[in-house]
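2 protein chains.
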Amino acid sequence: MQQPKNFLFVMCDHLRWDFLSCYGHRVLRTPNIDWLAQNGVRFSHAFAQSSDTAASRASIYTGRTAFSHGVTGASIPVPLSEWTLGDYVRDVMRAAIIGRTDLATDRASLERIGLKQHQTRLNGIPESQNSAGFEPYEFASRRNGGGATQGGESEPEGYNAWLRSVGYPSDSPSRDYAQVTVGPDGELMDGAELRNAGFPARIREGHSETAFLTDRALDFIREAEDDRWFLHLSYSKPDAPFVVPAPFHTLYAEEKVRPAKRSLSERTDQHPVFAALSETETDAPLLEDEVRAIVMPTYMGLVRQLDYHLGRVFTFLRERDLLTQTMIVFTSNHGINLGDHWLGGHELFHDTSIRIPLIVLDPSEAGRAGRRRVEHRPVEAIDLVPTFLEALNLPLPQHRLEGRSLLPLIRGESTTDWSMVIGSEIDFSTQPVCSNLGLPARDARAFMLRTPKWKYIHYLGYRPQLFDLENDPDEFRDLGAEPGHSEVRSELHQALLERLLRRRGSVTSMAHH
Amino acid sequence: MQQPKNFLFVMCDHLRWDFLSCYGHRVLRTPNIDWLAQNGVRFSHAFAQSSDTAASRASIYTGRTAFSHGVTGASIPVPLSEWTLGDYVRDVMRAAIIGRTDLATDRASLERIGLKQHQTRLNGIPESQNSAGFEPYEFASRRNGGGATQGGESEPEGYNAWLRSVGYPSDSPSRDYAQVTVGPDGELMDGAELRNAGFPARIREGHSETAFLTDRALDFIREAEDDRWFLHLSYSKPDAPFVVPAPFHTLYAEEKVRPAKRSLSERTDQHPVFAALSETETDAPLLEDEVRAIVMPTYMGLVRQLDYHLGRVFTFLRERDLLTQTMIVFTSNHGINLGDHWLGGHELFHDTSIRIPLIVLDPSEAGRAGRRRVEHRPVEAIDLVPTFLEALNLPLPQHRLEGRSLLPLIRGESTTDWSMVIGSEIDFSTQPVCSNLGLPARDARAFMLRTPKWKYIHYLGYRPQLFDLENDPDEFRDLGAEPGHSEVRSELHQALLERLLRRRGSVTSMAHH
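Those protein sequences? They're chains H and C, same order as listed. Residue numbers for the first sequence follow numbering that gives the first Met the number 0, so the first one is 0 and each next one is one higher. Residue numbers for the second sequence follow numbering that gives the first Met the number 0, so the first one is 0 and each next one is one higher.
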């Protein structure tokens with residue numbers, strides 16, 4: 000086969016790279032994802048373009064860095080002129096999404112060009128924008144598990160309707176059942192509260208959202224029959240609320256959870272932004288051992304559950320003889336600190352936040368040479384769009400795309416000019432840390448460059464951070480102010496400038512690429 | 000009056016800052032523009048965001064730098080998510096354009112969001128995009144004077160129809176009459192040929208495009224009566240073709256034309272890009288003294304003609320008592336070398352290319368203190384949108400705008416924190432110089448920073464250029480490779496990085512500004 004017939008692009012949410020057994024986790028078992036890694040190419044050094052969820056997702060879908068597409072925070076609409084993965088793919092095959100994207104529609108620009116809301120609705124515009132250009136086969140644009148604070152837009156209508164049909168009586172069974180835990184005496188508890196995370200969900204495992212999305216994926220593949228398809232299966236787990244149904248809530252006993260990866264050296268001469276962030280941490284409870292002891296087994300249970308359902312998908316593909324025709328890409332939008340580095344969530348640029356799993360199984364002839372391999376060269380989330388397009392023999396719109404196709408690495412071709420520098424960016428202007436520092440919004444930006452040896456972080460108006468990844472792989476010792484490292488910092492500073500000078504700006508014309 | 004009632008925003012095309020008597024030209028007389036300067040604020044150091052026409056115009060209309068809006072060359076569509084001046088203004092007053100914008104519509108993005116061409120036409124979308132959000136009162140999107148090479152889109156339909164109605168029999172009288180010159184024996188000549196530029200146009204002065212656009216401006220103001228209005232009067236002159244009707248073709252005799260401002264020192268160790276550009280110069284004939292002797296008087300005649308017609312507008316406003324209610328802004332999109340620096344057109348970053356006239360007359364009470372003054376602090380074209388918005392008491396969308404309102408300067412307020420650094424950018428990937436140098440398109444970029452003392456130009460993959468503007472105001476001596484200036488270059492290099500780090504990326508959300 001010259002080219003994969005079908006594409007299955009699986010993304011998890013908040014799945015840290017090292018919480019999979021194939022990536023070295025010592026307790027958690029993920030046999031199905033491991034199977035994929037054993038048969039495909041496992042990228043040991045893959046990174047998200049941002050530790051912000053919306054920014055990272057927008058980079059994955061547009062193939063562009065965070066400050067290029069501009070979606071640097073939650074609810075920031077994707078500019079109308081940005082093309083997303085489904086836009087490229089849907090012309091040549093059926094391209095559907097099951098799950099979420101976290102994208103929002105640029106309504107102001109639609110109105111600017113004279114399209115009133117009812118006109119856009121007639122054209123199906125908000126959906127196609129939010130769904131990254133994919134057919135919304137089973138789609139809820141925003142966080143499905145965000146609970147009441149997320150507002151109505153986040154309700155997963157399809158999931159709710161199905162839950163009602165199988166017997167959960169509620170306007171929102173996802174809120175009233177799936178996100179509720181049940182205590183030992185049958186008492187109901189808000190699953191969004193971390194202290195309740197250890198109890199099982201008020202729902203049967205087969206009725207969880209992860210199970211439902213997987214069922215829908217099988218529905219889609221069944222329906223597609225012999226047609227060519229591109230399916231983006233975008234799970235909302237293991238993200239909070241940390242609620243997992245039985246039996247997954249009991250698989251990882253408290254004593255097996257490793258202690259938080261943090262050091263007092265991180266709090267010595269702590270970088271001002273890092274320090275302020277620790278102080279304003281909304282997930283601060285995750286720094287407490289008692290809370291971690293409750294949350295970690297659940298987080299791991301959620302990962303284990305994802306693995307179980309991916310096994311169902313792989314089996315289904317195998318039974319239909321589709322495994323040999325389907326390119327499978329498995330990844331996550333970013334990680335989560337869970338108490339490491341004195342942080343709870345995903346912020347800044349520690350590997351715990353921005354390093355992601357990435358496994359690719361390419362069934363084509365060309366892919367044979369590359370299989371059953373670990374690839375150590377660094378890759379970025381923006382590399383995914385060009386990878387898919389090249390695998391589809393579609394033209395690469397180089398005036399927009401800022402990444403590079405991974406196909407040469409996936410297919411084990413000898414490439415000598417692979418740059419070993421990758422980058423990641425954040426805008427923290429809408430975070431409490433910004434006002435806490437008294438920063439003007441426009442200065443609340445940070446830019447990371449990572450080489451195999453160094454991680455360099457540039458802040459506007461603050462000293463940089465620098466970590467020696469060879470001698471300090473846990474990033475405990477910030478060399479950003481060390482006089483002995485001024486030359487390295489200066490070199491990386493120049494490398495950052497070079498990267499910024501090459502941003503793709505002219506998204507509307509092929510002429511400039 | 001708290002706020003100007005009306006706004007007249009006049010822009011010329013290819014009008015160099017120093018070809019006006021108020022800016023020090025020793026031969027050319029521009030009494031009406033001088034009158035504006037004497038009564039308003041004349042900015043001695045105003046600069047275009049790019050020496051490329053489309054890039055500079057898009058910056059003027061969006062208030063954003065060239066690599067931020069991405070319109071870095073001719074025919075590159077303005078991204079749908081970019082707001083342009085008229086979009087901001089039209090909600091509070093009638094906002095019309097007379098003349099041209101050089102903008103193109105982002106059709107690919109319209110199609111991506113599911114809008115077929117007939118649907119967009121129903122919504123009037125292409126026009127509103129090309130016209131920078133202004134009502135197309137008398138509008139031709141592209142170069143009106145570009146002749147046959149510009150294709151059908153460039154035809155100024157309104158002007159042509161009017162010419163036919165006053166007796167010029169042709170499908171395109173603008174092409175067949177206005178751009179044709181008449182030799183001493185009545186022979187007709189192509190005005191696009193530089194050697195024909197000295198003869199008068201085959202048209203009466205009152206039938207020239209500059210006269211026509213001025214007439215239409217008066218029509219508009221007359222029609223508007225007591226309504227509030229914002230008129231963007233966007234002339235296509237003194238740009239080529241260098242054809243001017245009698246009597247303006249004879250006003251500046253050959254002997255009064257100053258010699259080209261160029262030095263052999265510019266060709267010593269010439270910067271590789273500058274050298275390659277000189278070699279591929281499409282306007283090379285302008286380097287020859289005989290050709291300059293023909294073209295320069297015509298260029299000056301075109302400026303003089305513009306001044307004459309602006310006088311008509313000012314008189315018209317005065318007679319209707321509108322001068323005291325109208326804020327007038329006069330500027331140009333960029334300059335032109337006309338043989339200076341061994342260059343013909345507008346390229347790179349010599350002041351001859353990027354320095355522009357900018358004169359503002361603010362009739363409000365607040366403006367009184369600032370009038371009759373020359374302002375020496377440096378300003379940029381991106382400052383215009385915020386200036387208009389602040390003068391209108393409209394909110395400043397800081398998440399998009401990259402310039403700063405000039406109102407404090409216009410109104411003579413004491414501002415202590417005015418940055419003296421301005422910037423300009425070019426993408427020359429579609430120019431012959433790019434292939435001539437064997438450059439990949441993505442490396443064909445240059446970035447300029449200008450302080451009162453220094454001009455620093457960064458190229459990708461080449462050494463920088465550096466000029467000492469205090470000791471070498473004519474920019475004859477490139478210090479970009481001088482060992483003695485490495486510290487200054489390094490400082491300006493850092494300043495460039497700082498500017499790039501602060502680009503506005505999140506155009507779709509107010510949250511980040």
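Certain hints may be false.
Repeated chains share a single entry, so a pair holds when one copy, or any two copies, can fit it.
Mimicking SDA-like on lysine to any residue, the simulated pairs with C-alpha atoms at most 20 Å apart in a straight line are [what the hints assert, rightly or not]:
| # | residue 1 | residue 2 |
| --- | --- | --- |
| 1 | Lys115 | Arg89 |
| 2 | Lys115 | Glu134 |
| 3 | Lys260 | Gln1 |
Since the hints were derived computationally from the structure, they do not count as laboratory data. All of these numbers come straight from a predicted model, not from anything done at the bench.
Checking an output row: Lys260 and Gln1, CA cutoff 20 Å. Within, between, both or neither? Neither. Shortest intra-copy (45 Å) and inter-copy (61 Å) distances fail the 20 Å Cα cut-off.
As a check of your reading, is Lys115 near Arg89 (CA-CA no more than 20 Å) within one copy, between copies, both or neither? between (26 Å within a copy, 17 Å between copies)
Using 20 Å as the alpha-carbon threshold, which applies to Lys115 and Glu134: within, between, both, or neither? between (23 Å within a copy, 19 Å between copies)
When held up to the earlier numbered hints, the structure conflicts with hint 3 and nothing else.
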